[in-house]
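Participant: Sequence:
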Amino acid sequence: MTRSQSRPGHYRLAAVRGHLLELAGGRAGAVAQFKAAAAGMASTPEQRYLLTEIARLSDAR
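Under this note's numbering, think of the first position of the sequence shown as 1, with each following residue one higher.
Worth double-checking, as some hints may not be accurate.
Quick list of simulated restraints, FRET-style, between CB atoms [claimed, not checked]:
1) Gly25 to Pro45: 25 to 31 Å
2) Ala24 to Thr44: 25 to 31 Å
3) Ala55 to Val16: 15 to 21 Å
4) Tyr49 to Gly26: 18 to 24 Å
5) Asp59 to Leu23: 14 to 20 Å
6) Gly29 to Tyr49: 15 to 21 Å
7) Gly26 to Thr52: 15 to 21 Å
8) Leu51 to Gly26: 17 to 23 Å
9) Leu20 to Gln47: 18 to 24 Å
10) Leu20 to Leu51: 24 to 30 Å
11) Leu20 to Ala55: 16 to 22 Å
In case anyone wonders, no lab produced these hints; they're calculated from the structure. Note that CB positions come from ideal geometry on N, CA and C, so glycine has one too.
Go ahead and model the full structure; you've got the sequences and the hints to work with.
Facilitator: Shown next as structure tokens:
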């Protein structure tokens, strides 16, 4: 477990990492981070958004 994963709310860090990786052109890494964030997300609308982003990035390949 990484230091960020041991803290409550670590899924937010994964979501931000995913966004930054996407901006840098790292789609595979972005998808992995968005999946990690979605798995820890308690909010249904936020989880739905992340799942939509995962699908969009996966289809763009």
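Participant: Could you run down the list of hints and mark each one as holding or not?
Facilitator: Structure-based check of each hint:
Between glycine 25 and proline 45 the CB atoms are about 27 Å apart, so this pair conforms to the stated range of 25 to 31 Å. For alanine 24 and threonine 44, the hinted distance range of 25 to 31 Å is satisfied, since their beta carbons lie about 29 Å from each other. Between alanine 55 and valine 16 the Cβ separation comes to about 19 Å, which falls inside the hinted range of 15 to 21 Å. For tyrosine 49 and glycine 26, the hinted distance range of 18 to 24 Å is satisfied, since their beta carbons lie about 19 Å from each other.
Separated by about 18 Å at the C-beta atoms, aspartate 59 and leucine 23 satisfy the suggested range of 14 to 20 Å. Separated by about 18 Å at the C-beta atoms, glycine 29 and tyrosine 49 satisfy the suggested range of 15 to 21 Å. With their beta carbons about 19 Å apart, glycine 26 and threonine 52 fall inside the hinted range of 15 to 21 Å. At roughly 19 Å, the beta carbons of leucine 51 and glycine 26 sit within the given window of 17 to 23 Å.
The supplied range of 18 to 24 Å is met by leucine 20 and glutamine 47, whose beta-carbon atoms lie about 20 Å from each other. Look at leucine 20 against leucine 51: about 19 Å separates their beta carbons, and that is not inside 24 to 30 Å. Checking the proposed 16 to 22 Å range against leucine 20 and alanine 55 shows it holds: the Cβ atoms sit about 19 Å from each other.
In this structure, the one hint that does not hold is number 10.
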